[in-house]
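2 protein chains.
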Amino acid sequence: METSTEEFYMLEALKEARKAEEMHEVPIGAVIVVDGKIIARAHNLRETTQNAITHAELLAIEMACKVVGSWRLEDAELYVTLEPCPMCSGAILLSRINKVYYGAADPKAGCAGTLMNLLDDERFNHQCEVHGGILEDQCGSILTNFFRNLREKRKAEKLNATNTLTD
Amino acid sequence: METSTEEFYMLEALKEARKAEEMHEVPIGAVIVVDGKIIARAHNLRETTQNAITHAELLAIEMACKVVGSWRLEDAELYVTLEPCPMCSGAILLSRINKVYYGAADPKAGCAGTLMNLLDDERFNHQCEVHGGILEDQCGSILTNFFRNLREKRKAEKLNATNTLTD
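Protein chains in written order, with the working numbering: chain E, 16 to 182; chain F, 16 to 182.
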C-alpha cells in the first residue's frame with residue numbers, strides 16, 4: 016500500500032517517538048514541515064530534562080522558530096503522534112502554525128478536538144486546520160505498550176521487594 | 016496603605032514587566048514563589064528571541080524547574096501581570112503549580128477565567144487555585160500605555176514617510 020504524504024511525515028514523527036522510548040520517556044514525537052521539508056524534529060524529554068514544558072511539540076516549535084528566524088511559522092505544518100495538550104495547542108496558536116496532523120487522540124488532555132478544540136476557537140487571533148487519526152494505530156500502540164511495560168516493570172519490582180522482605 | 020502579600024509579589028512581577036518594556040517587548044512579567052521565596056522571575060521576550068513560546072510564565076516555569084530540579088512545582092505560586100493564555104495555562108497545569116495570581120484580565124486570550132478557565136477544568140489531571148485582579152490597574156495600564164505609545168510611534172513614522180514622499 017502506498018504511503019500518503021501525511022503518513023510519510025507521521026512516520027518521521029514516530030521515529031522521534033521511538034527515540035523518546037529508548038530514553039524511557041513517554042514516546043511522543045513531532046516534526047515541523049515547511050514547503051515539504053522537515054525543518055524541526057523533537058520528542059518528549061520531560062523526565063530527562065525535569066522540565067515540565069519539554070513536550071515534543073513545544074521543543075519542535077522552539078527549534079522551528081530558530082531555523083526560520085521568526086516567531087511566526089505561518090507556512091508550517093506540525094505532525095505529532097499524540098493529540099496536543101492545552102500547552103502545546105496554545106503554542107501552536109501563538110506560533111501561527113497553519114495545519115496540525117496528529118496520530119492518536121488523547122482522551123485525558125487532548126485539546127485539538129477531544130476534550131475541546133482550542134485550535135478552532137474563533138475568539139483567539141489565530142485558527143489552525145486539524146487532521147486527526149493519521150497512523151492512529153501505530154501512534155497509539157507505541158504509547159499503550161510503553162505504559163504496559165512500565166506497569167509490569169513496577170509490579171515485578173514490587174514483588175521483588177516483597178520477596179526480599181520475607182526472605 | 017499596607018501592601019498585602021499578594022501585592023508584594025505582584026510588584027515584583029511588575030518589575031519584570033518593566034524590564035520587558037525597556038526592551039520594547041510587550042510588558043508582561045512573572046515571578047514564582049515557593050515558601051515565601053521568589054525562586055524564578057521572567058518577562059516576555061518574544062521579539063528579542065523571535066521564539067513564539069517565550070512568554071513570561073513559560074520562562075519562569077522553565078527557570079523554576081531548573082531551581083527545584085524537578086518538573087513538579089507542587090508547592091509553587093505563580094504571579095503574573097496579565098491573565099495566562101492557553102499555552103501558559105497549560106504549562107501551569109503540567110508543572111502542577113498550586114496557585115496562580117494574575118493582575119489584569121485578558122479579554123483576547125485569557126484562559127484563567129475570562130474566555131474559559133483551563134485551570135479549573137476537572138477533566139485535566141491537575142487543577143489550580145486562581146486569584147485575578149491583583150494590582151489590576153497598574154498591571155493593565157503598563158500594557159495600555161505601551162500599546163498607545165506604539166500606535167503613536169507608528170502614526171508618526173507613517174506621517175514622516177508621507178512627508179518625505181511629498182517633499
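Treat the hints with care, as some may be off.
Since the list can't tell identical chains apart, any single copy or any two copies may satisfy a pair.
Unchecked claim - For lysine to aspartate or glutamate, the following DMTMM-like pairs were computed, each having C-alpha atoms within a straight-line distance of at most 20 Å:
1) 123 to 135
2) 81 to 40
3) 168 to 37
4) 81 to 62
5) 52 to 137
6) 114 to 27
I should point out that these hints are in silico values taken from the structure, not numbers from a laboratory.
Against the structure, the hints:
1. Taking the shortest alpha-carbon separations for residue 123 and residue 135, both the intra-copy value of 19 Å and the inter-copy value of 15 Å come in at or below 20 Å.
2. In the homo-oligomer, the alpha carbons of residue 81 and residue 40 lie at most 20 Å apart only across protomers (18 Å), although the nearest pairing inside one protomer, at 24 Å, exceeds that limit.
3. Only within a single protomer do residue 168 and residue 37 lie at most 20 Å apart by alpha-carbon distance; the minimum there is 15 Å, versus 53 Å between protomers.
4. Taking identical chains as interchangeable, the C-alpha atoms of residue 81 and residue 62 lie at most 20 Å apart only when they sit on different chains, with a minimum of 12 Å there against 24 Å within one chain.
5. Proximity of residue 52 to residue 137 under the C-alpha cut-off of 20 Å is found in neither arrangement, the shortest distances being 29 Å within a copy and 39 Å between copies.
6. Taking CA atoms no more than 20 Å apart as the test, residue 114 paired with residue 27 passes inside one copy only; the shortest distance there is 17 Å, against 38 Å between copies.
Of the hints listed earlier, the one the structure fails to meet is number 5.
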